[in-house]
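Starting from the known structure of chain A, fit chain B onto it as the hints suggest.
Number of protein chains: 2
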Amino acid sequence: MALPKRSEDYSAWYNELVKQADLAENSSVRGCMVIKPYGYSIWEKMQADLDRRFKETGHVNAYFPLFIPKSFLSKEAQHVEGFAKECAVVTHYRLKNAEDGSGVVVDPAAKLEEELIVRPTSETVIWSTYKNWIQSYRDLPLLVNQWANVVRWEMRTRLFLRTTEFLWQEGHTAHATKQEAIVETELMLDVYADFAENILALPVIKGIKTANERFAGAEETYCIEALMQDGKALQAGTSHFLGQNFAKAFEVKYAKKEGGLEYVWGTSWGVSTRLMGALIMAHSDDQGLVLPPRLAPIQVVIVPIYKKEEELEAINEKALVWVKELRAKGITVKYDNDDKYTPGYKFADYELRGIPVRIAIGPRDMQNGTVEIARRDTREKSTVESGQLTVLIPQLLEEIQQNIYNKALKFREESTYKVNSLQEFKEVIDQKGGFALAHWDGTSETEEKIKAETKATIRCIPMDSVLETGVCIFSGKPSKQRVLFALAY
Amino acid sequence: MALPKRSEDYSAWYNELVKQADLAENSSVRGCMVIKPYGYSIWEKMQADLDRRFKETGHVNAYFPLFIPKSFLSKEAQHVEGFAKECAVVTHYRLKNAEDGSGVVVDPAAKLEEELIVRPTSETVIWSTYKNWIQSYRDLPLLVNQWANVVRWEMRTRLFLRTTEFLWQEGHTAHATKQEAIVETELMLDVYADFAENILALPVIKGIKTANERFAGAEETYCIEALMQDGKALQAGTSHFLGQNFAKAFEVKYAKKEGGLEYVWGTSWGVSTRLMGALIMAHSDDQGLVLPPRLAPIQVVIVPIYKKEEELEAINEKALVWVKELRAKGITVKYDNDDKYTPGYKFADYELRGIPVRIAIGPRDMQNGTVEIARRDTREKSTVESGQLTVLIPQLLEEIQQNIYNKALKFREESTYKVNSLQEFKEVIDQKGGFALAHWDGTSETEEKIKAETKATIRCIPMDSVLETGVCIFSGKPSKQRVLFALAY
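So the protein lines, in turn, are chains A and B.
At position 236 of the first sequence the residue is numbered 376 (the working numbering), and the sequence of numbers has no breaks.
At position 365 of the second sequence the residue is numbered 505 (the working numbering), and the sequence of numbers has no breaks.
These are calculated hints, taken from the structure and not from any lab test.
The structure presented is a predicted model; accordingly, all values stated were derived computationally and were not measured.
Each hint can be trusted.
Copies of one chain are not kept apart here, so a pair can be met inside one copy or by any two copies together.
Using 25 Å as the maximum straight-line C-alpha spacing, the simulated DSS-like pairs for lysine-lysine come out as follows: (1) 225 / 251; (2) 236 / 251; (3) 566 / 591; (4) 195 / 185; (5) 271 / 393; (6) 396 / 486; (7) 447 / 458; (8) 145 / 547; (9) 271 / 318; (10) 372 / 589; (11) 595 / 225; (12) 595 / 572; (13) 159 / 393.
The following block holds chain A by itself, in its conformation from the complex (with noise of 0.2 Å):
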């Protein structure tokens, strides 16, 4: 079934193409999604990635509990301002049997003393296990990465993009000093950003949230911010300096090398199966997805083209010598001679599923010594001499690569416009979508009428921007810089 257009229905286009590409369905438990095999694959490429950079970076895995005691939430009080009001509370441990044979009941004298919250996130914890691991500046830096699932009682939800249940990576760390804190929380923002930029070819601004946009229990939040074909923003990581709001909150202090305790500082960062939403929305068109090289599960499909059976063998016996040469150069590769499906199927199927190369091949070829080559991000087709697989192939895909990326940064910059005015301000905002840089006032005051006359939100305040004195377009008032603004997922 045809895929709705990106121009007619964004939004419909999206939900199709995560069900049609096999990527992500939707539950029986509301707000809960299935990762589907294919989806899966393309998150485990994205972990294995982050997870080698986190290690690279001095990190090491652990595992905290699912859940955390109603108690903890309360002990940072502005973190549970932020995380209360949306949770999974398990209230009871047991069921049994109806009364009335009609299946089973929660068990009222199962009743928990105190409840426990399903994580929302796990800061409280995390650090009250802390407490016991440090003791002394020996102790320091403490250097932890979860990978885990986490629950948001989400009120409306989308298969990736904000669901209750979802997968994602938490780095929680603790140090000695301020500084080394701030240090690890921009460090990890550059390690986001630069996953974001050479692994899912998605250019990202980087940038610090306002207060108002700011985690719950932090000092100050640092994302990376991109932008969507439809012209909305999507914050794809957060990198967390939290001072030493947890460290107060759980009493964790540690012995200084020149005598004295101190509170420790901290910083928590974290991605998500947000991530696969991301990627999809950036690159993919109206025929399926579109996948950056680096994170294709099945870099390259070839398709033999034929009639008589004899055909089929004689390209069986070069395809199989392709597979292996450039499974040799460290390329995925699938040869697909099932006879179930049509050429013209398997050609429709691998476009929606995003393989970057497709390379076809029929007798007139084999007479000819060509294959043709189709390539997914231009959809352009060429015929090549077969002999040059081995070289042309990974060469096609860091060119698709960087292409892919290279058109997400063009449109990008194409959809960041500098605004002076309210009024050329709610023009991008309402009809041209994208960026919106404009002078703000610094107050969450104007932030916050600001969004509720145009449902823009400041993304961040971009790391790399140029000090420029303006006036506010809201409020007139004086500004040293311009922000971001955007409609945001």
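Just chain B, lined up with the frame of chain A:
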């Protein structure tokens, strides 16, 4: 602090070892553990090896929801009996500020219409999904695995061995025929057995569970059973042939190639962080953990011994060459020239953590061109020419892997007794410890009476056992083969 001795208090030895070697600890949530970085790094090695084996046998990973609607559990009659009694139940989705300002309380307005169960295992939620994935024989077999956390509300918990939340993988497959499903069930048992023996160095007995010990909802449960050093058995993995039970419960039918609809045949199989407990209990000694080299996050540690700074500098130079050479051979090496701890402290610490090989080098060794090698399994030391390291170390690691396995196998063989009377049976169970191979009349009634009288259970009906007529040690009734009894974790 010295560990308790195994011979004096096996249970205290285990608990202390898990804590002191930094493998895991209890969390503030009853029954839930924190898996510490060192413990988690061993689990990651297990995961990587198992995941590779699953993929090599054609399986793909996916992810299904954490929550299961309460009504799903009731759909398979035996399944609900087995699992509903020990579940974490989510009844609400919001907290609110307490009116007296004392923190947060459950918001009674946010009560779920249907309670959600935190998955104790995922057959129900997965088969409810498979209903949509499977229409025809073309969709089969469906070979899916998931890595996930699960929760079973245990009254008595023990780090790794029995915890309320644990990590595991669960494979769930669907097949067109009974025969294919049975082949899959047995294949995955073989994958587990091979992994246990070759990677964990843990000899296991493959067998079939009696009806009493069968997975709730399975037609047949296959298992691997291992013997711990205290003479108790530990079930290290299970593979279930589900028949058409879940297909019928969730109405999963497929169109056959030859026409007509049939219920699908299923399997499920899993291993968990319990394997960490098996690993520790099977091999470790009074000095600490003993790790098979194939699972050791650090295989070789090099410790310099010196008084003067020049001595250290000379050793550094040598050691860094060895590190490079050994790493080039795929060996994980740590050079520990940290001056915060003495060599004696380091030796004890690395013994506690089970590093397979320790290399020590001091000024005299430097003069003689030698190093001292200590192997963790036998605690033997030897002096060798340092020029031989790159040849000797890989061989030594292989030898240690094999020796750990052989030692465990010898222990198991010496602790397995053919018994022919209840008297002999009790001597094994009460005094000697170990496996008792005994004739049993095949009834659940006798099995339960034996358990009531001796606490021993039938671990399995071994798959390689010879048919041999005899009489049941308890009832005196005829028996066709011996089965494996033991006290169990």
